[in-house]
Structure formats: structure tokens, C-alpha cells
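Protein chains: 2
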Amino acid sequence: MDNMIIKQHISRQFNNEMEQIRNKVLAMGGLVEEQVELATKAFMSSDAESAEKVIEQDQLINALEKDIDHECTEIMAKRQPAAFDLRMLIATLKIITDLERIGDEATRIAKMAMRLEGGEFYQDKYFEIEHLLDMVKEMLNGALDSYARTDTEELVAITAQDSKVDREYGSITRQLITQMMEDPRNITRALDVLWTARALERIGDHACNVCEHVIYMVKGKDVRHLSHEELTRTVNETSKIGR
Amino acid sequence: MDNMIIKQHISRQFNNEMEQIRNKVLAMGGLVEEQVELATKAFMSSDAESAEKVIEQDQLINALEKDIDHECTEIMAKRQPAAFDLRMLIATLKIITDLERIGDEATRIAKMAMRLEGGEFYQDKYFEIEHLLDMVKEMLNGALDSYARTDTEELVAITAQDSKVDREYGSITRQLITQMMEDPRNITRALDVLWTARALERIGDHACNVCEHVIYMVKGKDVRHLSHEELTRTVNETSKIGR
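Going line by line, the protein sequences match chains A and B. The opening residue of the first sequence carries number 2 in my numbering; numbering runs sequentially from there. The opening residue of the second sequence carries number 2 in my numbering; numbering runs sequentially from there.
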């Protein structure tokens, strides 16, 4: 009987630890979402103060990454988890890497916002940048939401959105190149818009990676580098395993 | 006695498995190095055939990533390793992610090589691109070498090289912008040179990440997001642990 109580106790403690990791990942995700939005809006409104805040806050994201990483490896060493628990820890290690990289992209955008000069030139492109921001925000939010609910239902739709992001990015690039050719005085500024669009496009890629890690966590299948059709089939065919 | 023989057998098998993973990582690393060189040279010599080869070979890298990833998680689930072995597996999971991303950057360069038009325009920049290539190749090679030897001696010097890469990239960018302004007809081509330089700069970042993972593996210290001085101190102060 004593033995059973100890077992229950350990199992409760383990669940608490896993829950704590999940909560920290979601906190980190929330912060990263905030950073992406704040940086892009700072860029669009030439707001150096917000840009500076983004650059400062990046340290919080880095610290969270190291903290969560440490907790995951500690649990692996101490508890030797299997099945879903092991997959959740491995997926988490990978998800926080992608989140940290998204944070880096936000910082890159913020740095461009800091050195704005003649911010009026390309305001006609900000509509497209904002559209791109909305798309990647939605992807990131959906990915984190699926992680929280350990659910893959939305993930196929989110990863499908990535090709829309790529198309939008391609269209922004072509328009900017035309405008640069028409008036070469604006090249520096246009390049900043181009880098920002590219950073957002990369953020979309990282959000897709998060989706793939969640699919691995829930379904036990590695769907990286599959075509979208293959990914869809894998998600739909496999039922949840090893909980 | 029988028991001891079984234990020895299991331990030998485990060592073989770890050795196999290490060899596969080094094979993947070798392929990635080859891809970076081939892609950049294809870009500089307008060699569409080599560029196509890079794009094709990227699948091999992706397959190796999935394969090694699968083997690492299998060993974690089956053998429940601790100390150095666990750190090696976790470091490996992260290293192959960086190697795969380096492969993606090589593919990006190759795609730009494929659509070369008027390849003569910016040949005067190729000298700098080649210099950048040499620097990041050296970093990547040193990082993989340290992984192979589970040794951190060279890693401080390699990560120090990254700021040289950043400076070189900054200098290429400024020169290209000036040239774009002088002759806007070359903007498209100049942008390709710029993206290539940026891809190489990113490859340098990934090589630094690999160094940090090797330091974690050998020294058990997470040195990410430290200043170069702090990293140097950590590497020098900590002796090898937990072998």
C-alpha cells in the first residue's frame, strides 16, 4: 500500500513537471507572438521605442529557451519517460528552437525599424506587409493552440497557409524590385521592406515546423519534408497513439 | 557470470549504436559541406548543372536528418541513457537540425544559380563571396571535426570567426547597395548576390550553433546566447564531465 502511495506520488509529480513545461512553452509562445506583432508594427509606424522594447525582450525569450531546454533534459535523465511523454519532450525541445528563431526574426525587423530614415517612401507596401503579418500570426497562433490541446485537427490547414505566405512574399518582392528600378534613391528603404517581408516569410516557415513537431508529438509520425498531400494523408490516417 | 556476459553484450551493442549515429552525423555533415561549396561555386560560375545537382541532393540530407532523428529517439526510449550519452543524443538531435538548415541555405543559393541572367555584371563581387565561402566552410568543418573528436579546444576560435563573417557580409551589402544605386538595371542580379552573401552568413550562424551543441555535449554547459567572453570562460573553466 505504501508502495502504491509512493508510485502515485511520483506519477503526480511527473505530471506536474510535464504540465509546468507545457505552460512555459505556451508563455514563451505568447511572448514570441507579441514580439512579432510589436516589431512589425514598430517598423510600419517608425516607432523606435517599441522597436527597442522588442530588442530588449528578446533576452527573455532566450532565457525561456534555455530554461525549458534544461527542464526537458532533466526529466529525460531523471524519469526516463517513454511513448507520448518522451515524444512530447523531444517535440518541445524542437518547438522552442523554432520559437527562439522566430524571436530572432522579430529582433531583425525591430533593428530595421530602429534605423528608419524617410519612412514615408514605401508606405504603400505596408498594406501587404500587414497582410503578411496577419497570415503568419494566425499560423503561429494555431500551431501553439494545437500544442496546448495536443490536437492535430487544425494543423493541415495551417501548413497549407504557408504557400499563400510564399506567394504573397513573392509578389511583394517583385513589386519592390520594380519600384527600386524606377527610383534608385529609395533602394536602402526598399531593401528594409524586403528584409521585413522575408523575415515574416521565415516566421511562417518556423510556424510550419512547430506544426510538424506537434504532429510528431500527437501521432508519432515524422512528417517533415513531406508534400502537403502526404502530410494530410498521414495526419488523417493515423489515430492518436501511445498516450 | 552469464549475467555479466549479457551486460557486456548490451553495453557493446549500445556503443555500436552510438558509434553508428556519430558516423551518420559525420556523413551528413560531409554532404552538407559539399553542398555549400558546390552551390556557391555553381552560383559564381553560372553552372546550372551543378546547381541542379545541389537541389536534387538536398533530399539525401533531409532523409539523413529523419533517419538519425529516428535512431536517436529509439535509443532514448529503449536504452534510457544518462550523462554523456544522453547529452550526445540531445546534442545530435539539435546538430542535425542545423545541418539540415545549412542544406536549405545551399539549396537557396543553387536556386539563384539556376536563374542566372547576365552573369557578368557582378563578377567583381565574387572575390568577396568566395572569401565568405572559405570562412564559413572552415567554421563548419571545424565544428564537425570537434563533434567527431568530442573536443572543444577549437570551438572558441571558430565561434570568434563569426563576427568576421558578419563584418564581411556587412561590407558586401554596402558595396552592392552603392552599385545598385549607380546602375539600377542590375538590381535583380545584385539582389541575387546579396541573397547568396546572406545565405552564407546564415550558414556561419548555424556552424556556431553546432559548436554550442558540441560544447553542451562535452562540457554539459548550455552556452547559447552568451557573449563571446562568457563562452570562452565557460569552455576554459569547465573540465570534461560525466563520461
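Rather than coming from a laboratory, the hints here were simulated on the basis of the structure. Here the structure is a predicted model, which is why all the values come from computation and not from measurement. Just so you know, not all the hints are guaranteed correct.
Note that the list lumps identical chains together, so a pair holds whenever it fits in one copy or between two copies.
[Said to hold, decoys possible] Pairs of lysine-lysine residues, derived as PhoX-like cross-links and limited to a Cα-Cα distance of at most 25 Å, are as follows:
#: 1; residue 1: Lys8; residue 2: Lys54
#: 2; residue 1: Lys222; residue 2: Lys112
#: 3; residue 1: Lys67; residue 2: Lys54
#: 4; residue 1: Lys8; residue 2: Lys220
#: 5; residue 1: Lys95; residue 2: Lys79
#: 6; residue 1: Lys165; residue 2: Lys54
#: 7; residue 1: Lys42; residue 2: Lys220
#: 8; residue 1: Lys95; residue 2: Lys42
#: 9; residue 1: Lys79; residue 2: Lys8
Honestly, which of those hints from before does the structure not fit?
Violated hints (numbers, rising): 1, 2, 4, 6, 7 and 8; every other hint is consistent with the structure.
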